[in-house]
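There are 2 protein chains.
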Amino acid sequence: MKKIAILGSTGSIGVTSCDVIRVNKDYFQVVLLTANTNYELLAKQANEFRPAYLYISSKELSQKLTTQLQYAPKIFYGDTGLLDAVCECGANILLNALVGSMGLLPTLKAIELSMDIALANKETLVLGGDIVTSLAKSKGVKILPVDSEHNAIFQCLQGNQQRPLKRIILTASGGPFLRTPLKELASVTPEQALKHPTWGMGKKISIDSATMVNKGLEIIEAKWLFDIPSTMIDVLIHPQSIVHGMVEFADGSLLSMLGPTSMSIPIAHALFYPNSEYNSLGQTLDMSKGLNLEFISPDEERFPLLAIAKHVAQELGTKPAVFNAVNEVAVKSFIDGKIRFTDIHSVVEKVLSLHTNSKKYDLKTLLEVDSWARNKAEELLRGTK
Amino acid sequence: MKKIAILGSTGSIGVTSCDVIRVNKDYFQVVLLTANTNYELLAKQANEFRPAYLYISSKELSQKLTTQLQYAPKIFYGDTGLLDAVCECGANILLNALVGSMGLLPTLKAIELSMDIALANKETLVLGGDIVTSLAKSKGVKILPVDSEHNAIFQCLQGNQQRPLKRIILTASGGPFLRTPLKELASVTPEQALKHPTWGMGKKISIDSATMVNKGLEIIEAKWLFDIPSTMIDVLIHPQSIVHGMVEFADGSLLSMLGPTSMSIPIAHALFYPNSEYNSLGQTLDMSKGLNLEFISPDEERFPLLAIAKHVAQELGTKPAVFNAVNEVAVKSFIDGKIRFTDIHSVVEKVLSLHTNSKKYDLKTLLEVDSWARNKAEELLRGTK
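Respectively, the protein sequence lines represent chains A and B.
Terminal number for the first sequence in our numbering: 388, no gaps in between.
Terminal number for the second sequence in our numbering: 388, no gaps in between.
The hints are simulated quantities; they were obtained by calculation from the structure and are not laboratory data.
Take these hints with a grain of salt, some might be off.
To give a feel for the contact side, a few chain B residues facing chain A, derived at Cβ under 10 Å [claimed, not checked]:
| # | residue |
| --- | --- |
| 1 | LEU160 |
| 2 | ASN163 |
| 3 | LYS169 |
| 4 | VAL191 |
| 5 | VAL246 |
| 6 | PHE252 |
| 7 | SER256 |
| 8 | PRO277 |
Mimicking DSBU-like on lysine-lysine, the simulated pairs with C-alpha atoms at most 35 Å apart in a straight line are [claimed, not checked]:
| # | chain 1 | residue 1 | chain 2 | residue 2 |
| --- | --- | --- | --- | --- |
| 9 | A | LYS292 | B | LYS169 |
| 10 | A | LYS207 | A | LYS47 |
| 11 | A | LYS292 | B | LYS186 |
| 12 | B | LYS169 | B | LYS341 |
| 13 | B | LYS206 | A | LYS292 |
| 14 | B | LYS145 | A | LYS169 |
| 15 | B | LYS353 | A | LYS292 |
| 16 | A | LYS292 | B | LYS207 |
| 17 | A | LYS142 | A | LYS367 |
| 18 | B | LYS341 | B | LYS353 |
| 19 | A | LYS67 | A | LYS112 |
| 20 | B | LYS292 | A | LYS169 |
Just so it is clear, CB atoms sit at the ideal spot from N, CA and C, and this is done for glycine as well.
Based on the sequences and whatever the hints tell you, model everything.
This is the structure:
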C-alpha cells in the first residue's frame with residue numbers, strides 16, 4: 004500500500020483524486036490532506052480517509068476544522084505549516100493540486116524527501132522547472148503529469164522514448180471567447196469568462212483558459228516534463244476537448260490520446276503509473292453517434308498572451324516567474340471586477356518589459372522575482388481603472 | 004545490412020517499399036523481387052537494386068524479363084518458382100505484398116526459414132491465422148503489420164502491451180459509395196467502384212474498400228496479429244482517412260495514430276522495426292489549416308459484407324477461407340463487368356451457407372476449402388447474369 008499526500012484536496016483535482024482513491028481502496032493510504040479555506044469539505048474528506056495529518060491555512064480555520072472531525076489527526080496551519088506537514092507525513096507519493104506559485108516549495112520539499120510527484124500544479128515547473136527537474140533526477144524521483152494535456156503526451160510517448168521526435172502538440176479548447184468578435188473582448192465579464200465550454204474547473208484556470216495563458220504555461224511545463232525545446236511544442240485549438248494531446252514523430256506518424264473530458268482518467272493514470280490495473284471510474288468516450296473533431300490554429304491577435312508565453316518559453320530564466328506572477332495578480336483583479344479582460348495582457352506585457360531577465364538563478368532569486376512582479380503588477384493595476 | 008525479399012514488388016505497396024529502401028540505402032540489401040506479369044517494371048527495379056533472385060509467373064514472361072536486364076540474376080517462374088525463390092534467397096526479412104490467398108504459402112515458407120515477415124498480404128492471416136501465428140511463435144519470428152490500419156494499432160500498443168484493453172477500432176474510409184442512395188448500389192459500375200476517395204490502391208483492394216470486405220478481412224487479420232477476440236475489434240467510418248487506427252484501454256484512454264494517406268510511413272515503420280531512425284520519405288500531415296475529422300458508425304444495410312465478415316471473424320475455422328475465396332472470385336467478375344456490385348454479397352452469403360465449418364484444420368484442408376469455394380462461386384456466378 005502506497006502512502007499518499009494530497010495538497011489541495013478540496014479543489015477540483017483534489018476532489019476527483021479522492022473519488023479515484025475511494026474506488027481503488029487497497030492501493031493507497033492517505034496520510035495528508037490539505038486545504039486553503041474549505042474546512043468543511045476537508046473535515047468530510049478527513050473523516051472518510053483518516054489521514055494522520057491535515058493542513059489548513061490559518062489557526063482560526065484549524066479550530067473550526069477540529070470541531071468537525073471524528074478523530075484526532077495532527078493539524079498544521081499557517082505560513083510554514085504546509086512544508087512542515089509535507090516533511091512529517093511520510094508519503095511515498097505527493098499529489099500537488101495547489102493553485103498558483105505557492106505549489107513550488109512543497110514540490111521541492113517532497114522531492115528532497117524522495118517522494119514521487121503527481122503534478123497538477125503547473126506553476127511548479129513554470130517557475131522552477133530547471134531546479135525541480137534537476138533535483139528529481141538526482142533523487143531518482145518520478146514527476147508524473149496529471150494535467151490532461153501532459154498526461155496525454157506522456158501516454159503517447161510510452162514505448163516511444165527512443166523514437167526521433169518532430170514536435171508535441173498541446174490541444175486547447177479555445178475557451179469561451181473563441182468566436183467572440185475581437186472588439187467585444189474588452190467588455191466581457193468575469194461571469195462570461197468563467198463559463199468554460201467543455202471542462203468544469205476552478206476560477207483561476209478558467210480565466211487562464213479564456214486568455215490561453217493556461218496553454219502558455221503548459222508549453223513551459225511540457226518543455227521541462229519532456230525535456231525538449233519549447234520550439235518543438237505547438238498549440239492547436241480543438242473546441243471539442245476530446246483529443247487531449249498529440250506527438251508527431253520524425254517519420255510523419257502522429258500519436259494522439261483521446262478521452263472523455265474527465266479528469267479521473269489522467270489522475271488515475273498518474274497516481275498508479277506504471278501500474279495499469281486500476282479503476283478510473285469507468286468513464287468512456289461515447290463514439291456510438293460518431294464524432295466530429297475540429298482543429299484550428301490559434302489566432303494570436305485574439306490570444307496575445309499565448310504569443311507572449313511562447314516568447315517567455317523560449318527565453319526562460321526568470322521570465323516565466325514574472326509572466327506567471329503578473330498573470331495571477333491580473334486574473335484576480337479581473338475576477339474581482341477591478342480591471343477589464345483585455346487589461347490582463349497589457350499588464351503582463353508591461354511588467355515583462357520592466358524586468359531584466361536572469362538566466363542563472365536559485366530558489367531565493369525566483370521568490371524575489373515573483374514578489375517583485377506581483378508588487379509591480381499591483382502598482383500598475385491601481386492606476387488602470 | 005539486412006537482406007530483404009519483396010514479394011509483389013511491382014504492385015502499389017511493392018513500389019512504395021522500393022522508394023523507402025532507395026532513400027535508406029545502407030540498411031537493406033534486396034535479394035529477391037517478384038512480380039506476377041509486369042516484367043518491364045520488375046526489370047527496372049532489378050537493374051536498380053540488383054537482387055540475386057527474381058521471380059515472375061511464367062516462362063514466357065521470364066524470357067521477356069531477361070532481355071531487359073543489365074545483369075544476370077537467377078530467375079524463377081511457374082507454379083513452384085515462387086516458393087523455390089523464397090527458399091533460396093537467404094533473406095532476413097520478407098515483405099509479403101502479394102494480392103489474395105496466394106500470399107499464404109510464401110509466408111509460411113519464410114517463417115519456416117526464420118525470416119521476419121513484414122505483412123501487407125492480409126489473406127495470409129485471414130486464411131491461415133492460426134497456423135501462421137503458431138509457427139511464427141515457435142520460430143521466434145516477428146510478424147510486422149504493413150497495412151496502415153494494423154500498423155497504426157501496432158504503434159498505439161507500443162509500450163502498452165501490459166495495459167488492460169477494452170477494444171481496438173479500425174477506421175475505414177467508407178469507400179466511394181458511403182453516401183450513394185441504397186437503391187442505386189445495384190447499378191454502380193466498376194469504374195465508379197474503383198475511384199477510392201482517399202487512397203490510391205490496387206483494383207482488388209479498391210473494390211473491397213467499396214464493399215467494406217477489406218475492413219472485414221482486417222478484423223480477422225487484427226484478431227491474429229494482436230491476439231484478441233474479434234468481438235473486441237470495432238469499425239468506425241472515418242471519411243478523411245487521417246486517423247488510421249485507435250486503441251481503447253480499460254481506463255477510458257484512447258490512443259490513436261494519425262498520418263498522411265501515404266503508405267511509406269507504415270511500410271518504413273514495419274521494415275525498420277524496432278529501429279526508429281529511418282527516412283520515411285518525409286511526408287507529414289498538413290495541419291496548418293486545421294483539420295476536421297468525422298467518425299461514423301457503419302450502416303450494415305449499406306455494407307452487408309461487413310456484417311457477414313464480423314460473423315465469420317467470430318466463427319473462424321475454415322469460414323474465413325471461404326469468405327475470402329468467394330469474394331476474390333466475385334470481385335474479379337464484377338471488375339470484368341460480369342456481375343452487379345450487389346451480387347458480390349449475395350454470392351458470398353450463398354457459398355458460406357453451403358459450407359460446413361471445420362474448426363480443426365491443417366494447411367491441406369485450407370487449400371481444399373479455398374479451391375471448393377472458388378469453384379462453387381464460379382458455378383453460381385455463371386447462373387447470375
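Taking the hints in turn, this is what the structure says about them:
1. Interface hint status for LEU160(B): upheld, as the beta-carbon distance to the closest one in chain A is roughly 8 Å, under 10 Å.
2. Look at ASN163(B): its Cβ gets to within about 6 Å of chain A, closer than 10 Å, so that hint holds up.
3. For LYS169(B), the interface hint holds, since its Cβ comes within 10 Å of a Cβ in chain A; the closest pair sits about 7 Å apart.
4. Using the Cβ-Cβ criterion of 10 Å, the hint placing VAL191(B) at the interface with chain A is not satisfied: the shortest such distance is roughly 24 Å.
5. Interface hint at VAL246(B): satisfied, since its Cβ lies 8 Å from the closest Cβ of chain A, which is below the 10 Å cut-off.
6. With a cut of 10 Å, the hint placing PHE252(B) at the interface with chain A holds, because the nearest CB-to-CB distance is about 8 Å.
7. A distance limit of 10 Å between C-beta atoms decides the matter here; for SER256(B) the minimum to chain A is near 5 Å, and the interface restraint holds.
8. Below 10 Å, beta-carbon pairs count as interface contacts, and PRO277(B) has one with chain A at about 9 Å; its hint therefore holds.
9. Restraint check: the Cα-Cα separation between LYS292(A) and LYS169(B) comes to about 19 Å, which is no more than 35 Å; the hinted pair holds.
10. Of the supplied pair hints, the one linking LYS207(A) and LYS47(A) holds, its CA atoms being roughly 24 Å apart against a limit of 35 Å.
11. Proposed proximity of LYS292(A) and LYS186(B) is supported: the alpha carbons are some 24 Å apart, at most 35 Å.
12. The straight-line distance between the Cα atoms of LYS169(B) and LYS341(B) is roughly 43 Å, outside the 35 Å bound, and the hint therefore fails.
13. Only pairs whose Cα atoms come within 35 Å are accepted, and LYS206(B) paired with LYS292(A) is accepted, the gap being roughly 32 Å.
14. About 27 Å separates the Cα atoms of LYS145(B) and LYS169(A), which keeps this hinted pair within 35 Å; it holds.
15. Distance check on the hinted pair: LYS353(B) and LYS292(A) sit about 32 Å apart at the alpha-carbon level, within 35 Å; holds.
16. At most 35 Å may separate the alpha-carbon atoms for a hinted pair to count; LYS292(A) and LYS207(B) meet this at roughly 31 Å.
17. Restraint check: the Cα-Cα separation between LYS142(A) and LYS367(A) comes to about 21 Å, which is no more than 35 Å; the hinted pair holds.
18. A C-alpha spacing of about 18 Å is found between LYS341(B) and LYS353(B), which places the hinted pair at or below 35 Å, so the restraint holds.
19. About 28 Å separates the Cα atoms of LYS67(A) and LYS112(A), which keeps this hinted pair within 35 Å; it holds.
20. Simply put, LYS292(B) and LYS169(A) have alpha-carbon atoms about 19 Å apart, close enough for the 35 Å limit, and the pair holds.
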